[in-house]
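**Student:** My request is simple: use the sequences and hints to build the entire structure.
All residue numbers for the sequence shown refer to the numbering used here, where the first residue is 15 and numbers rise by one.
Hints were generated in silico from the structure; no laboratory data involved. None of these values were measured; they are calculated from a predicted model. Be aware that one or more of the hints could be misleading.
Under the rule of at most 27 Å between Cα atoms (straight-line distance), these lysine-lysine pairs were calculated in the BS3-like manner [stated by the list, open to error]:
(1) Lys-230 <-> Lys-242
(2) Lys-39 <-> Lys-21
(3) Lys-274 <-> Lys-316
Each pair of labels, with its calculated beta carbon distance range [claimed, not checked]:
(4) Glu-231 <-> Gln-42: 49 to 59 Å
(5) Glu-231 <-> Gly-294: 51 to 61 Å
(6) Ser-318 <-> Gly-123: 41 to 51 Å
(7) Val-245 <-> Leu-313: 40 to 50 Å
(8) Asp-314 <-> Asp-135: 44 to 54 Å
(9) Asn-259 <-> Ser-238: 40 to 50 Å
(10) Pro-28 <-> Gln-111: 30 to 40 Å
(11) Lys-274 <-> Ser-130: 14 to 24 Å
(12) Ser-318 <-> Gln-111: 33 to 43 Å
(13) Asn-127 <-> Arg-292: 39 to 49 Å
(14) Met-15 <-> Thr-205: 33 to 43 Å
(15) Arg-292 <-> Gly-139: 19 to 29 Å
(16) Arg-235 <-> Lys-274: 49 to 59 Å
(17) Thr-304 <-> Glu-53: 13 to 23 Å
Every residue gets a Cβ at the ideal spot worked out from N, C-alpha and C, and that includes glycine.
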Amino acid sequence: MVYIFIKLVWNSNPIYPSLRIVSTKNDQFSELPLIIGDEFNIIFRGRKLCIGSELSEFGWLTCVANQNRLNKPFIKLGIQQERGVAQEYIQCLDCRQSNYFACRQICIGKECNPSSQDAYDACQGPNTSVYLTQIGGQTKVGVSLNVNRRWLEQGSDYAVELVKMPGLEARRLEQQISKELGLKLQVRNTTKIRNFQPEQFEYGSEELENKYDQSKEIISRDYSSTEKKPVDGFVVEDLTPHYGNLNINRPIQTINFKPKSEFGGTIEAIKGSIIVVRNGLYLYGLDTKTLTSHTFSLLDRKASLGGQRSLDEWY
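**Tutor:** In C-alpha cells form, the structure reads like this:
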C-alpha cells in the first residue's frame, strides 16, 4: 500500500503522536499511532502528490474529492516557478486556496484578510493565546488557539502562557515581544535535533520568568484597553515526559531521504515533528516536516540504513 504523508499530529486525552496519512488506492485518510518502543519502518517511493486541504482544524479533504475528480489520480507535484522563485509545493492550487485557516499562517497582526467567515469569527474572539516557550536551549514567543497541542507539535521543553486576546492583537503582540525582547519566532528543526536533550542546558525558570515579566510589562503598557481573558500566573508546563527517551548520550544522525531509501528501527523518542529510532548500535532522526506530500510504504521488516552513516562512525 502506498500512502501520502500529511503531517505528524499530537492527540489529546490521552496524549500521543500519530502520522496523518492518505491512501493513494482508496482515497481514505487514516492515522498511524506512534508508540515508544515499537518498530517503525518505511520505504520512500519518490513521488510527490497533493496532500489535499484542511477544511477545519480537525478535518481534511483529499485532493481528489476537493476537485471532484473521483477515481482519478492525485495531482503530482514538482518544483514550480512562482514570481521567478522555485517553490516545492505540497498542495495544488485548488487545495491551497481551500485552506480553512490559511489567513492564520501569514498573519503578522497588521491587517485582517480572513480566508473565510469561520476563520474571521475564530480570530476575533479573545481566545488566541500568546505564550513563551523554551526549545533546544532557545526561548521563543508564539500564538495559538490551542497552546497545549501547539507546544507538543513544536517540541517545546518548557512553556508558559502570557495572555488570551483577539487573534489580530495577539499576532501584533507576538511580533512586538519578539522585536523588543529579542526572542525568536521560530526555532529550526536542525537546532532541535542538535540540542535534543533538555538536560544539555541549565533550564530552571529564571530565564523564562525574566522574559515573562518583561512581556507582561509590554502588555500592561501598550494593550491595557485590549479585550483579554485572564490566564494563570507564572505556571511553567514541563512537556518533556511526553517525548520518550530524551536521555540520549550519543549523536543523532539526520536522515536525508531519496527514492527507494529506507528509514526505521525501534522508536526511542518523538519530539515535535522529529522521530528518533535506534537501528543497530546507532540513532537516526527524521524530521517529518520534510516528508509532507511524499509517498511511502510501510515495511514489515527492519529498515536498511546501510547508506546512512551515524555521527558515531566518524569518531
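**Student:** Note whether the CB distance of Arg-292 and Gly-139 lies within 19 to 29 Å or breaks it.
**Tutor:** 45 Å, violated
**Student:** Decide if the proposed pair is consistent with the structure: Lys-274 and Lys-316, CA atoms, cutoff 27 Å inclusive.
**Tutor:** Holds: Lys-274 and Lys-316 sit about 15 Å apart, inside 27 Å.
**Student:** So the hint says 14 to 24 Å: do the beta-carbon atoms of Lys-274 and Ser-130 match that?
**Tutor:** With Cβ atoms ~41 Å apart, the hint is violated.
**Student:** Holds or violated: 33 to 43 Å for the Cβ distance of Ser-318 and Gln-111?
**Tutor:** 41 Å, holds
**Student:** Determine whether the Cβ-Cβ distance between Glu-231 and Gln-42 falls within the hinted range of 49 to 59 Å.
**Tutor:** Holds, at about 51 Å.
**Student:** Take a quick look at whether Lys-39 and Lys-21 sit within 27 Å of each other, Cα to Cα.
**Tutor:** 19 Å, holds
**Student:** The hint says 13 to 23 Å between Thr-304 and Glu-53; measuring C-beta to C-beta, is that right?
**Tutor:** Distance hint for Thr-304, Glu-53 holds at roughly 22 Å.
**Student:** 44 to 54 Å was suggested as the range; check whether the CB atoms of Asp-314 and Asp-135 agree with it.
**Tutor:** 47 Å, holds
**Student:** Would the pair Lys-230 and Lys-242 pass a check requiring their Cα atoms to be no farther apart than 27 Å?
**Tutor:** Measuring from Cα to Cα gives roughly 13 Å; hence the hint holds.
**Student:** Should the hint that Pro-28 and Gln-111 are 30 to 40 Å apart at their CB atoms be regarded as holding?
**Tutor:** Check passed, 36 Å falls within 30 to 40 Å.
**Student:** Does 51 to 61 Å hold as the CB distance between Glu-231 and Gly-294, or does it fail?
**Tutor:** 52 Å, holds
**Student:** Does the hinted range 40 to 50 Å hold for Asn-259 and Ser-238 at CB?
**Tutor:** For Asn-259 and Ser-238 the Cβ distance comes to about 46 Å; the hint holds.
In the structure shown, a violation is registered for the earlier hints numbered 11, 15, in ascending order.
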